[in-house]
Amino acid sequence: MKALVVSQRLSDAGELVAVARRFGEPAILAFQESALKVEEVAAYGHRVYRVRSDRPEALYRAAASLYESLNPKVIVGPSVKNVKDAMALLAGSLDIPLITEVVELSDGGSVLTYKRGFMSERVTMTAEVPYPAIALLNPKIVKPAEKAGRGEVVDFDVGDLKVNVVGVRAKELSGVKLEEAEVVVGVGRGFKSREDLNLAFELAKILGAQVGGTRPIATDFKWLPEDAWIGISGKRIAPKLYIAVGVSGAPQHMSGVSGSKVIVAVNKDKSAPIFIQADYGVVADLYKFLPILTSKLREKLPRRA
Amino acid sequence: MGRDIAVLVKASLNPEVVRQGAEGAYDIDYTPLKISDVDRNALEEAARLKSILGGRVYSITVLTWGPSKARDKDLKLAVQEALAKVADEAYVVVDDSIIPGDPIVTSNVIVGVLKSRGLKPALILAGEASVDESTSQVPGRVAAKLGYSYVGYVRRILEVRENSVVVERDVEEYVETLEAPLPAVLSVTQEINEPRPPTLIQIRMASKKPLHVLSLAGIGLNVKPKRLIKEMRVVTVFRKQVVLEEANLEKAAEKLIEYLDKEGVLRI
Ligand SMILES: Cc1cc2nc3c(=O)[nH]c(=O)nc-3n(C[C@H](O)[C@H](O)[C@H](O)COP(=O)(O)OP(=O)(O)OC[C@H]3O[C@@H](n4cnc5c(N)ncnc54)[C@H](O)[C@@H]3O)c2cc1C
Ligand SMILES: Nc1ncnc2c1ncn2[C@@H]1O[C@H](COP(=O)(O)O)[C@@H](O)[C@H]1O
Chain A
1 MKALVVSQRL SDAGELVAVA RRFGEPAILA FQESALKVEE VAAYGHRVYR VRSDRPEALY
61 RAAASLYESL NPKVIVGPSV KNVKDAMALL AGSLDIPLIT EVVELSDGGS VLTYKRGFMS
121 ERVTMTAEVP YPAIALLNPK IVKPAEKAGR GEVVDFDVGD LKVNVVGVRA KELSGVKLEE
181 AEVVVGVGRG FKSREDLNLA FELAKILGAQ VGGTRPIATD FKWLPEDAWI GISGKRIAPK
241 LYIAVGVSGA PQHMSGVSGS KVIVAVNKDK SAPIFIQADY GVVADLYKFL PILTSKLREK
301 LPRRA
Chain B
1 MGRDIAVLVK ASLNPEVVRQ GAEGAYDIDY TPLKISDVDR NALEEAARLK SILGGRVYSI
61 TVLTWGPSKA RDKDLKLAVQ EALAKVADEA YVVVDDSIIP GDPIVTSNVI VGVLKSRGLK
121 PALILAGEAS VDESTSQVPG RVAAKLGYSY VGYVRRILEV RENSVVVERD VEEYVETLEA
181 PLPAVLSVTQ EINEPRPPTL IQIRMASKKP LHVLSLAGIG LNVKPKRLIK EMRVVTVFRK
241 QVVLEEANLE KAAEKLIEYL DKEGVLRI
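Chains as they are written, first to last, in the working numbering: chain A, 1 to 305; chain B, 1 to 268.
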């Protein structure tokens with residue numbers, strides 16, 4: 001085996017297998033959704049090791065043991081929290097390179113060459129590391145592999161774990177696919193209360209837009225569901241129009257909206273960093289400006305009113 | 001086992017200050033270092049837990065970006081903040097042979113500091129991601145090397161017991177409550193607390209606390225970065241940067257609508 005794929009979801013398996021095949025015949029370590037639907041993962045035609053646990057520690061142990069027996073040159077996986085934590089443990093115990101959020105990966109002969117974002121994705125870094133190495137990829141950077149046959153499925157037991165699960169609570173999610181929206185209104189800490197977000201929802205209604213926000217709006221204040229936070233650690237959006245209201249323009253937020261065609265900023269502080277990252281900026285108090293903008297748009301776009 | 005807390009504090013390149021050098025190359029020398037944002041949350045949490053655990057708190061910092069002479073001031077500022085906020089003493093490793101650093105070197109050096117000084121903290125607190133590299137791997141690496149238990153993305157520390165710690169961990173779609181045996185490494189998220197800046201008195205006290213500046217030889221280590229950086233380029237996105245600063249907001253709204261109409265993004 002030349003490569004090991006760590007697959008969490010069916011949606012990541014095809015892309016990871018495609019990248020892994022560049023390095024030789026892969027084996028697949030399947031957990032979470034990919035372990036539940038293991039037959040679909042086996043349809044890529046490679047041997048699948050199934051781990052029936054979502055614990056990073058379990059995944060770490062399974063990967064460590066497969067690393068010993070298969071001796072892969074490269075381990076690839078998705079850049080998600082459970083895999084990142086598991087692979088940090090594996091990389092630490094073996095002292096081998098681990099690279100995350102990779103957007104390009106190639107075999108540079110005796111080294112692995114890769115590209116990833118740096119400085120909140122305001123810079124791209126191209127670098128090389130020696131083999132063996134672990135690379136966690138961003139989604140949608142390659143075409144998924146063709147399915148080819150049926151691989152053998154082997155169950156993998158990892159034994160007792162050190163960290164115990166006491167409870168699990170699902171997050172409140174809206175299910176809205178912000179990444180597919182054509183117009184997005186983004187709200188930030190310039191809003192003083194949850195009720196005030198109505199100003200943004202009214203604007204969004206006229207524009208046919210979805211509403212998202214900055215991380216603290218979703219996590220600290222809980223004014224929006226957690227899948228509505230935009231940025232490097234949340235959703236990456238690419239609408240035709242993004243209107244950021246009461247958002248300062250922190251690099252971690254702006255990296256999530258860099259694919260927008262037109263960016264508008266409404267902020268009362270003239271020196272807010274968002275103004276140099278926007279196409280059109282309005283220096284104004286959102287409480288005064290949004291009602292005016294919404295009513296003018298209502299006149300202009302009457303069918304939405 | 002001890003009752004001490006170690007906090008990993010990185011002096012990161014400040015991503016708010018990105019300047020383009022010749023031909024789109026990233027001008028790293030121009031970028032100042034600052035304490036990595038989430039490490040402030042780790043320090044704040046250490047301050048809260050110090051009285052519960054009853055031991056000492058020390059910070060550990062490995063200089064990643066150089067040359068070390070040019071970074072001295074920024075580095076000291078970051079470490080002073082750790083000392084002012086909570087740390088009883090600070091360990092800083094400065095060595096041009098490991099610059100620019102990589103996570104393999106950084107984690108080996110952190111472990112080297114602990115081992116060479118005979119430090120055995122019950123808890124090691126770190127940030128979920130550094131603001132320059134954001135690879136979220138240094139804390140996990142340190143845990144694996146020390147044989148400590150590890151929980152990443154901790155949103156809340158609910159309870160510190162005699163031999164374990166109970167925490168909430170943030171995953172993409174859910175939040176789980178976990179009990180991890182001590183000693184443990186925890187990486188914390190921004191949500192865990194609201195970091196308060198140190199007070200003037202704390203800042204004054206900080207200058208009297210021990211700050212140990214160590215070299216690689218000083219901790220008996222011989223490691224080299226494995227990563228070779230080939231190129232760093234500034235991502236340029238052209239934005240028109242038209243700013244409307246009208247006293248009359250009616251006018252501002254009309255102008256904005258006109259612009260957006262011209263862009264063809266209004267009637268979607
Ligand atoms: C590792 C890491 C990951 C992160 N990931 C993300 C991420 O994915 N997404 C994200 O969003 N953030 C993320 N952050 C947080 C980010 O750094 C910022 O803290 C956050 O984006 C700031 O949110 P904000 O703009 O809502 O708030 P603030 O920065 O507080 O800005 C509020 C703005 O509102 C303006 N304002 C105030 N009152 C008014 C008014 N009446 N009218 C008009 N304007 C007003 C102010 O001038 C200010 O500019 C991350 C941080 C770290 C360290
Ligand atoms: N050079 C360093 N010195 C001290 N701590 C570090 C260093 N690099 C990373 N860390 C710690 O590890 C966390 C995650 O960083 P990273 O793995 O780079 O995303 C940071 O928030 C710090 O707590």
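Bear in mind the hints are in silico, worked out from the structure with no lab data behind them.
Any given hint could be a false lead.
[To be verified] Derived lysine-lysine pairs resembling DSS-like cross-links, with alpha carbons at most 25 Å apart:
(1) A/Lys171 to A/Lys240
(2) A/Lys288 to A/Lys205
(3) A/Lys222 to A/Lys143
(4) B/Lys262 to A/Lys240
(5) A/Lys147 to A/Lys37
(6) B/Lys115 to B/Lys226
(7) A/Lys288 to B/Lys34
(8) B/Lys226 to A/Lys296
(9) A/Lys235 to A/Lys192
(10) A/Lys73 to B/Lys224
(11) A/Lys162 to B/Lys262
(12) A/Lys162 to A/Lys192
(13) A/Lys162 to B/Lys145
(14) B/Lys145 to A/Lys240
Keep in mind the model is a prediction, meaning the values are calculated, not measured.
- Message: Please verify whether A/Lys162 and A/Lys192 have alpha carbons no more than 25 Å apart.
- Response: Violated, because 43 Å separates the two Cα atoms, which is more than 25 Å.
- Message: So if I understand the rule, the pair passes when the alpha-carbon distance is 25 Å or less; does A/Lys288 with A/Lys205 pass?
- Response: Within the cut-off at roughly 18 Å; holds.
- Query: Given the hint that A/Lys147 pairs with A/Lys37, does the C-alpha gap stay at or below 25 Å?
  - Reply: holds, 15 Å
- Message: With the threshold set at 25 Å, check whether the alpha-carbon distance from B/Lys145 to A/Lys240 stays at or below it.
- Response: violated, 47 Å
- Query: Within 25 Å, alpha carbon to alpha carbon, are A/Lys235 and A/Lys192?
  - Reply: Holds, because 23 Å separates the two Cα atoms, which is no more than 25 Å.
- Query: Between A/Lys222 and A/Lys143, is the straight-line Cα distance small enough, at 25 Å or below?
  - Reply: violated, 36 Å
- Query: For the pair supplied as a hint, B/Lys226 and A/Lys296, is the alpha-carbon distance within the 25 Å limit?
  - Reply: Violated. B/Lys226 to A/Lys296 sits at ~58 Å, over the 25 Å cutoff.
- Message: Hinted pair, alpha-carbon criterion (25 Å max): A/Lys171, A/Lys240. Please report holds or violated.
- Response: violated, 29 Å
- Message: Can you confirm whether the C-alpha distance between B/Lys262 and A/Lys240 stays at or below 25 Å?
- Response: holds, 13 Å
- Straight-line Cα separation of A/Lys162 and B/Lys262 no greater than 25 Å? The given pair, whose Cα atoms are some 60 Å apart, is violated under the 25 Å limit.
- Is the straight-line distance between the alpha-carbon of A/Lys73 and that of B/Lys224 25 Å or less? Between A/Lys73 and B/Lys224 the Cα gap is close to 21 Å, so the pair holds against 25 Å.
- Quickly compare the C-alpha distance for A/Lys288 and B/Lys34 to 25 Å and report which way the hint goes. Distance of about 36 Å is beyond 25 Å: violated.
The structure fails to meet hints 1, 3, 7, 8, 11, 12 and 14 from the earlier list, while all remaining hints are met.
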